[in-house]
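Visitor: Using the hints provided, position chain B relative to the given structure of chain A.
As given, the protein sequences belong to chains A and B, one line each in that order. Residue numbers for the first sequence follow the working numbering, so the first one is 1 and each next one is one higher. Residue numbers for the second sequence follow the working numbering, so the first one is 1 and each next one is one higher.
Note that these hints are calculated values from the structure, not bench results. We put the CB at the ideal spot given by N, CA and C, even for glycine. Mixed in with the good hints there might be a few duds.
[Unchecked claim] Covered by chain B, according to a simulated footprint, are these stretches of chain A (three or more residues, beta-carbon under 8 Å):
no.	stretch
1	140-148
2	169-178
3	189-203
Number of protein chains: 2
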Amino acid sequence: MNRVLVFDINETLLDLTPLDAIFASHLGEARIRREWFALLLSSAFALSLCGSYRSFTDLGASAARIVAKNYGGDAEGLWSAIRDALPALRAYPDVAPALERLSRAGFRMAALSQSPQSTLDAQLTGAGLAEFFTAICSVDTIRTYKPHPAAYRMVARRFECDLSNILMIAAHDWDVAGAMAAGCSAAFVARPGQSIDDVILKPTFVVGDIEELAEILLPSR
Amino acid sequence: MNRVLVFDINETLLDLTPLDAIFASHLGEARIRREWFALLLSSAFALSLCGSYRSFTDLGASAARIVAKNYGGDAEGLWSAIRDALPALRAYPDVAPALERLSRAGFRMAALSQSPQSTLDAQLTGAGLAEFFTAICSVDTIRTYKPHPAAYRMVARRFECDLSNILMIAAHDWDVAGAMAAGCSAAFVARPGQSIDDVILKPTFVVGDIEELAEILLPSR
Chain A
1 MNRVLVFDIN
11 ETLLDLTPLD
21 AIFASHLGEA
31 RIRREWFALL
41 LSSAFALSLC
51 GSYRSFTDLG
61 ASAARIVAKN
71 YGGDAEGLWS
81 AIRDALPALR
91 AYPDVAPALE
101 RLSRAGFRMA
111 ALSQSPQSTL
121 DAQLTGAGLA
131 EFFTAICSVD
141 TIRTYKPHPA
151 AYRMVARRFE
161 CDLSNILMIA
171 AHDWDVAGAM
181 AAGCSAAFVA
191 RPGQSIDDVI
201 LKPTFVVGDI
211 EELAEILLPS
221 R
Chain B
1 MNRVLVFDIN
11 ETLLDLTPLD
21 AIFASHLGEA
31 RIRREWFALL
41 LSSAFALSLC
51 GSYRSFTDLG
61 ASAARIVAKN
71 YGGDAEGLWS
81 AIRDALPALR
91 AYPDVAPALE
101 RLSRAGFRMA
111 ALSQSPQSTL
121 DAQLTGAGLA
131 EFFTAICSVD
141 TIRTYKPHPA
151 AYRMVARRFE
161 CDLSNILMIA
171 AHDWDVAGAM
181 AAGCSAAFVA
191 RPGQSIDDVI
201 LKPTFVVGDI
211 EELAEILLPS
221 R
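Just chain A, with the same shape it has in the complex:
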């Protein structure tokens, strides 16, 4: 079995905390960044559940308008600052060394993100991670957001493999749950501020970062 490792990007490999300062300066509180991103994700889920679609960029702008309205700030300035900062986000420090080890060990690796292709490509290039991935997949191709099973099936088709050969790696409970519901295995990465409810969700692996995942997946030397 040659397992395909499929990584979520935002908040799993890339650290979004540099965006906190934008929310602090535009809306007065850094914590609103998490509220904005949660709203963005929730609106993406709701839209796919309706059977409709708008890009993650459009929904990011929309969520920025809503938090700007709720907290009293300039929506245009807020969104423009976020959009400019996205390609400059850095990977968590464990990511590049761990992907390097996994790559050298022969694992095929892919990115699977809610972001549209051009944003995703710019983000992975900006963070110096693009070279590690055989495939960089955006749900924009199928116009349906994760955790709909179509997203995971798209990656399986790309690698001509069974869903059971995919290990989805994400810092979000809903991505872990979606991948497992689709027939994949899944690792939850417990990034700061990310939790799962272990009463109702049992990921295949729970790790603190990607180095810890590499330790599990690589044969001990």
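Guide: Same frame as chain A, but now just chain B:
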């Protein structure tokens, strides 16, 4: 045309702010109530998008465990306090008088909620609203959450009417969007703290409360 008025319940007719005190006492900040409810809704959307189902009660308990973990509190005590408070929630003051007027004018009215039937029945009885509704519908019956079109279709079937005869009334953008995507018209109720992004969502009506909706729907005398 005899339009069927379909009301969302939590945050639209019932005021959830009395729950704030529970979050303040268990986790130190009243505002976490909104984070909990947003997480609960988001997990419901994600689950339906996966094609899976758990009741809104189970997801409410799960979201309580997650915020208790993130903010350092007793999950069991938090959830037990929330669960006990749900049937005691009061309607916003505009609700009963407006439903009374609409009912006298001959509108058929229904409730459509994410809550399971027993919780929903207890909430509407507790708030003194049950008598106004011809049908009290829970998505638990179809095991698929709003805004999936199946939820709105369930109500149309119950009234043997076209979706175009339904006016969905909700304080949430996703419920308005879902109803309109399914073919209904929809009114957004701008309850405190609830906003829509009017760049991407154009509800049939936008009102401040249910009295304002009644003013629009009732012929002037």
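Visitor: Report holds or violated for chain B covering the stretch 169-178 of chain A, Cβ cut-off 8 Å, minimum 3 residues.
Guide: With 4 residues close enough to chain B, the hint holds.
Visitor: Using a Cβ cutoff of 8 Å, are there at least 3 residues of the stretch 189-203 of chain A near chain B, or does the coverage claim fail?
Guide: holds (count 6)
Visitor: Do three or more residues of the stretch 140-148 of chain A come closer than 8 Å to chain B, measuring C-beta to C-beta?
Guide: With 3 residues in contact (Cβ-Cβ under 8 Å with chain B), the coverage given for the stretch 140-148 of chain A holds.
In this structure, none of the earlier numbered hints is contradicted; all agree with it.
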